[in-house]
Amino acid sequence: MKRYLRVLGLFWSTAIAAEMEYRVNFVLAALSSVGNFIGSLFSLFLFYRTGYTFQGWSWEEALVVLGIFTLLQGFSSTFLVPNLNRIVRQVQEGTLDFVLLKPISSQFWLSTRSVSPWGIPDLLFGFVMIGYAGIRLGIGISGYFLSAIPLLFGIVSLYSLWFMLGATSIWFVKIYNVTEVLRGLLEAGRFPIVAYPTAYRFFFTFVIPVAFLTTVPAEAMLGRGEVGWVLGAGVLALGLLFASVGFWRFALRFYTSASS
Amino acid sequence: MKGIVRKARVLLSVYYAQMVEYRAELVLWVLSGSLPLILMGIWMEAAQGGRFGLTPVVFARYFLTVFFVRQLSTVWVIWEFEKEVVEGKLSAKLLQPLDPVWHHVAAHLSERVARLPFSLLLVVLFFILYPQAFWLPSWSGFLLFVPAVTIAFALRFLIQYTFAMFAFWIERAAAIEQFWFLLYLFLSGIVAPLELFPDNVREVVLWTPFPYLIHFPAALLVGLPVDVGRGFLAMLGWFLVFFVWNRWLWRRGLKRYSGMGA
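One line per chain: the protein sequences are A and B, in this order. So the first sequence is numbered by this note's numbering: it starts at 1 and just counts up by one. So the second sequence is numbered by this note's numbering: it starts at 1001 and just counts up by one.
Treat the hints as calculated values from the structure; they're not laboratory data. In this text the structure is predicted, and so the values were computed from the model without any measurement. A virtual CB, placed ideally from N, CA and C, is assigned to each residue, including glycine. Be aware that a few hints might be false.
[Stated by the list, open to error] Anything over 10 angstroms on all C-beta distances counts as not near chain B; from chain A, calculated:
| # | residue |
| --- | --- |
| 1 | Asn25 |
| 2 | Leu31 |
| 3 | Leu46 |
| 4 | Val81 |
| 5 | Asp97 |
| 6 | Val128 |
| 7 | Glu180 |
| 8 | Arg183 |
[Claimed, not checked] Cβ pair distances, simulated, as ranges:
| # | chain 1 | residue 1 | chain 2 | residue 2 | range |
| --- | --- | --- | --- | --- | --- |
| 9 | B | Gln1096 | A | Glu93 | 47 to 55 angstroms |
| 10 | A | Leu8 | B | Gln1096 | 47 to 55 angstroms |
| 11 | A | Leu31 | B | Val1010 | 39 to 47 angstroms |
| 12 | B | Phe1134 | A | Val194 | 26 to 34 angstroms |
| 13 | A | Leu31 | B | Gln1096 | 33 to 41 angstroms |
| 14 | A | Ala17 | B | Arg1252 | 55 to 63 angstroms |
| 15 | B | Leu1233 | A | Ala199 | 37 to 45 angstroms |
| 16 | A | Val245 | B | Arg1252 | 51 to 59 angstroms |
| 17 | B | Lys1007 | A | Trp59 | 56 to 64 angstroms |
| 18 | A | Arg6 | B | Leu1183 | 38 to 46 angstroms |
| 19 | B | Phe1232 | A | Ala17 | 31 to 39 angstroms |
| 20 | A | Phe145 | B | Ala1024 | 20 to 28 angstroms |
| 21 | A | Ile141 | B | Tyr1257 | 25 to 33 angstroms |
| 22 | A | Val245 | B | Asp1199 | 51 to 59 angstroms |
[Said to hold, decoys possible] Quick list of in silico lysine to any residue cross-link-like pairs, SDA-like style, CA-CA up to 25 angstroms:
| # | chain 1 | residue 1 | chain 2 | residue 2 |
| --- | --- | --- | --- | --- |
| 23 | B | Lys1083 | A | Phe254 |
| 24 | B | Lys1089 | A | Arg89 |
| 25 | B | Lys1083 | B | Met1019 |
| 26 | B | Lys1002 | B | Lys1083 |
| 27 | B | Lys1007 | B | Trp1029 |
| 28 | B | Lys1093 | B | Asn1200 |
| 29 | B | Lys1089 | A | Glu93 |
| 30 | A | Lys102 | A | Val235 |
| 31 | B | Lys1083 | A | Gly9 |
| 32 | B | Lys1083 | A | Leu28 |
| 33 | A | Lys102 | A | Gly9 |
| 34 | B | Lys1083 | A | Lys2 |
| 35 | B | Lys1089 | A | Asn25 |
| 36 | B | Lys1089 | A | Val27 |
| 37 | B | Lys1083 | A | Lys102 |
| 38 | A | Lys102 | A | Ile120 |
| 39 | B | Lys1007 | B | Pro1131 |
| 40 | B | Lys1083 | A | Arg23 |
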């Protein structure tokens, strides 16, 4: 465990040092985050400006959902995109060999090797949105802690799904963009799940568990979370995490190095 | 003239063969454009109350068309061009008696053809699942839609290719596109038809190129009221602006270009 933490420290300090070479890009990323922030607010505003509300979600409550969505966006561009989208390149160029030879878990290496500070502005804006809505709604400190639990589950589920999709590149080198499909579908998390028609709700709860990523944590924060949903999120997260570990082991059996 | 036709045919057939090789990837690109379909659901639900002036069926048609227009007008030239400049691969293309842009144009056009069956399949599938939304566009709407969507693609390509020119000066020109894409996403009518924007916002947006890339062709096909003359004029105007800017940057950029191996 200690060894892993030390390795993690090394990974991230080198990754950040490398990213600091491109400081202009950080400015551009920050600008993009501002644009994304304004655009997200604008598209939510289009629904609320005529007095329509998502069933049972006031403007501030919908903002909480959007805030959590922005947080997850920031999280995935900081931790998931720089790592999991690279698995395919490792397979293609045969450099996965070197990863497999190292005396640590290859899933750990592939999932944490890099970190990119580009998602930090998104994380900030997410907190701003939640903070603003939280003050308006008078959410207590316990609300934030309560929502941290399902949010953590959501993050684990998101990671596991993403990793499994990335791992399919062992078989299909050419479909490096399969994670883009997932990302496209995750956009549904911008809005509370009740805003969708029934068929969509079913799909985004049981097929692609978007509901567990944003709506369930938001409900917990607003103090109307149900134990059942949080438990469901936990079961889902653990299930997907174990599935991703198992899937990676299974996939590796089919790995035939590109270099040999 | 004959030479041009022959060149065009060779380029198109080569790139088409290449695109067909990557069919699995193409299907995934088609699926990754699911955002309009997601928004369709949420807007149809919202329109039930009748507060937005459009019926749920119109929303369904609109967003389906948006999905289709996006399929026909996706552009990725900046990533390719950036790579060519950074890795110095542009040098080899500069030796050919052909402006390198035609390689990209041919790749995009043939990808359209290769992608079309999949996107049409999805559209058919949609109508099977939701037959109420099926409609036959009016002849005039359809006849205007075809040139509108063609120009929309050309304009989007030209704009992105203009940004790609910045690869001569900065290392990651694609970051410009990423920022531009956000404006495109929120202002072009992907998140909501322009009819729902507040009036003053819409007036401003109509002067930008964005709504003509998505909303204008989609509205023509669905039959929402739009100012046809103004639409085509705006597209033409923006096309000229970006064309001049593009050629100017291209000349300046080539002088600076000293790619690897050049």
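Hints, verified against the model:
no. : hint                                     : verdict
1   : Asn25                                    : 6 angstroms, violated
2   : Leu31                                    : 6 angstroms, violated
3   : Leu46                                    : 5 angstroms, violated
4   : Val81                                    : 12 angstroms, holds
5   : Asp97                                    : 24 angstroms, holds
6   : Val128                                   : 18 angstroms, holds
7   : Glu180                                   : 4 angstroms, violated
8   : Arg183                                   : 7 angstroms, violated
9   : B/Gln1096 - A/Glu93: 47 to 55 angstroms  : 29 angstroms, violated
10  : A/Leu8 - B/Gln1096: 47 to 55 angstroms   : 49 angstroms, holds
11  : A/Leu31 - B/Val1010: 39 to 47 angstroms  : 42 angstroms, holds
12  : B/Phe1134 - A/Val194: 26 to 34 angstroms : 28 angstroms, holds
13  : A/Leu31 - B/Gln1096: 33 to 41 angstroms  : 37 angstroms, holds
14  : A/Ala17 - B/Arg1252: 55 to 63 angstroms  : 34 angstroms, violated
15  : B/Leu1233 - A/Ala199: 37 to 45 angstroms : 41 angstroms, holds
16  : A/Val245 - B/Arg1252: 51 to 59 angstroms : 53 angstroms, holds
17  : B/Lys1007 - A/Trp59: 56 to 64 angstroms  : 57 angstroms, holds
18  : A/Arg6 - B/Leu1183: 38 to 46 angstroms   : 44 angstroms, holds
19  : B/Phe1232 - A/Ala17: 31 to 39 angstroms  : 52 angstroms, violated
20  : A/Phe145 - B/Ala1024: 20 to 28 angstroms : 44 angstroms, violated
21  : A/Ile141 - B/Tyr1257: 25 to 33 angstroms : 58 angstroms, violated
22  : A/Val245 - B/Asp1199: 51 to 59 angstroms : 55 angstroms, holds
23  : B/Lys1083 - A/Phe254                     : 31 angstroms, violated
24  : B/Lys1089 - A/Arg89                      : 20 angstroms, holds
25  : B/Lys1083 - B/Met1019                    : 19 angstroms, holds
26  : B/Lys1002 - B/Lys1083                    : 32 angstroms, violated
27  : B/Lys1007 - B/Trp1029                    : 28 angstroms, violated
28  : B/Lys1093 - B/Asn1200                    : 47 angstroms, violated
29  : B/Lys1089 - A/Glu93                      : 20 angstroms, holds
30  : A/Lys102 - A/Val235                      : 32 angstroms, violated
31  : B/Lys1083 - A/Gly9                       : 32 angstroms, violated
32  : B/Lys1083 - A/Leu28                      : 19 angstroms, holds
33  : A/Lys102 - A/Gly9                        : 17 angstroms, holds
34  : B/Lys1083 - A/Lys2                       : 40 angstroms, violated
35  : B/Lys1089 - A/Asn25                      : 23 angstroms, holds
36  : B/Lys1089 - A/Val27                      : 28 angstroms, violated
37  : B/Lys1083 - A/Lys102                     : 31 angstroms, violated
38  : A/Lys102 - A/Ile120                      : 30 angstroms, violated
39  : B/Lys1007 - B/Pro1131                    : 44 angstroms, violated
40  : B/Lys1083 - A/Arg23                      : 20 angstroms, holds
Checked against the numbered hints given earlier, the structure breaks hints 1, 2, 3, 7, 8, 9, 14, 19, 20, 21, 23, 26, 27, 28, 30, 31, 34, 36, 37, 38 and 39 and satisfies all the rest.
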